[in-house]
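So the chains spell out like this:
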Amino acid sequence: MKIHRLLIANRGEIAARIIRACQQLGIETVLAASDADLYSVPAKLADKTVRLGPSAPAQSYLDVERVLVVAREARAQAIHPGYGFLAENARLARACREAGITFIGPDENALAAAGDKLQAREHAIAAGLPVAPGAPVADADDALDVAKKIGFPILIKAVGGGGGRGMKAVREPTEMKHQVELAAAEAEAAFSDPRLYVERYVERGRHIEVQILGDGCGDVAHLGTRDCSIQRRYQKLVEEAPAPLLDETLRSALHEAAVSFGKRLAYRSAGTVEFLVDDDRRTFYFLEMNARIQVEHPVTEAITGLDLIAEQIAIAEGEGLRLAHTDVDFSGHAIECRINAEDPVQDFRPSPGTVTRVELPVGPGMRVDTHIEAGVSVPPFYDSLLAKIIAHGKDRAEALARMKAALASARIEGITTNLPVHAALMSDGAFAAGGVHTTYFPGFLEDYLKRLSGLRAALGGA
Amino acid sequence: MELTPEEIAEIQRLLETSPYDELTIERAGRHLTLRRAEGGGWIREVQTFSEPSFVSPVAPKPAERDVPASVPAGARARTGLVDICPPLPGAFYRAPKPGAEPFVEVGSWVSEETVIGIIETMKLMNPVPARVQGEIFEICAANGEQVDTAHVLMRVKPKKGERG
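As they're listed, the protein sequences go chains A and B.
Numbering of the first sequence is given in my numbering, commencing with residue 117 and proceeding in unit increments.
Numbering of the second sequence is given in my numbering, commencing with residue 559 and proceeding in unit increments.
A portion of the hints provided could be inaccurate.
To spell it out: a stretch of chain A is covered by chain B in this simulated footprint if at least three of its residues, at any positions, have a beta carbon under 8 angstroms from a beta carbon of chain B; those stretches are [said to hold, decoys possible]:
| hint | segment |
| --- | --- |
| 1 | 162–175 |
| 2 | 348–360 |
| 3 | 456–466 |
| 4 | 479–488 |
| 5 | 492–505 |
Think of the hints as simulated: they come from the structure by calculation, not from any bench.
For glycine and all other residues, C-beta sits at the position ideal for the given N, C-alpha and C.
Produce the entire structure from the sequences given, and follow the hints as far as they go.
Below you can see the structure in the form of structure tokens.
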């Protein structure tokens, strides 16, 4: 069924991104906006805007019933949920199906299977994917028993969701009780689900993921790897595609594992299978599946030439996969920097406010996905992502050189951003060499902040 | 219709070989300015002038620099009392989690480091320290209220010797 009018139940850069894809496809867009976003740039770009609710996410972007009400009011045939908010909410997917509205994403069963991390782990095992040794735990004693079998350090994880919430590393038996209690409280607060499980903690790993597309009938294609090892407190800051300096046998094994997992769920739409890669030992473990379009999808688009939002829409319209594996033509290398409204010097404290000036790079291989321009206000209610700068080159060195030049010319004024951290990172020798572990960035950051405060002291500043 | 990244790059390529330093394109309520950057390369600036088209009527756009709802911005501290204001705008919470006991009540004794509440900004929880020693005299902001940095959250009667 051809979609003529689509409701976007999201905000920020991804809303602007979906609007652009729809404009090219000739689909009319209706933006569901909270009070804080009624006059945002995406609201101005969309064909129509409908008020979703108050600014607080719980009463707008996270309210399943309100989203359905405004979808009917707008006479939308389909809902694109973007990422975050309700993107992986099985209840919204089911409600859409019952209301005869097309949900642009996986079906409710796949969402439920991917959302429950223990279920996802079981599916991974059934699909033949390696998982880190571990087990569900009811309490600290349970966790100690599991830790004795698999050895310290271990990682406590929440069954109900990811994103670092409810996640705690434990190195000593004496820390267990405290950390299990903390993790359960965090998981309860974040996911209304205090269930936990424990896995072996692989410290020197790389976070590598594989983009897949599925038609919902068992046909699944992969679109290559992304390396997301640059993270602060489990939040990704820089992503690149393909994962650099990766053993080709290992890369093929990752592709194959992601496709097997997608087939196991008869996955529909765009999704990402995340792995922890131990490239010293040439092994990998399944981490989780993100059943949505991801923030970092542009790096995959850059190297494949595909529009993943357009592919999601085509799959939702019943066109299936428009590409066979052999059709995917990988070209060059791409890097993405997430520019956030946060102050690196003040422990990355959020920096909401009014943006007074926005100058962003253009040129060969450059792409910027953003919803900000001079005069817009960045509200305190939502996440801090302002813009994604994406540089594509014929190889990693060219992509990196373009990113450096781009960051040097970018200006965002009125609020504080993490632009300088990205500029410093791109010039760091270890990052430039490629293939760093997840432990690298926190160390880099510590050094960077030390150098910065040294410089400020030398200049006589505070 | 918005220009694609490819179209913008193509325009910039054409400009590269031209003698011009700046180009502004006007399209359907949007200005796109391409300019040579100071350190080489090109940058773009965008201004969107079109207004949203609402499915059904909504409240008009609020005036810039909205005055906060509860305690007026810049309200003068009462004589002898010290105001506690949030370090950044966001939602104010008086307890560590829903249903838990509030951090402090009227009459609680606090020191500089005592956490009197939490401000949730951009999905992050930021503790609010009292920054003064004394007794909580008045609680001015409600649990869950949206506040900005000019809001007075609480007023403290400082310990003798502290300056108000």
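Hints and how they fare:
no. : hint    : verdict
1   : 162–175 : holds (count 8)
2   : 348–360 : violated (count 0)
3   : 456–466 : holds (count 4)
4   : 479–488 : holds (count 6)
5   : 492–505 : holds (count 5)
Of the hints listed earlier, the one the structure fails to meet is number 2.
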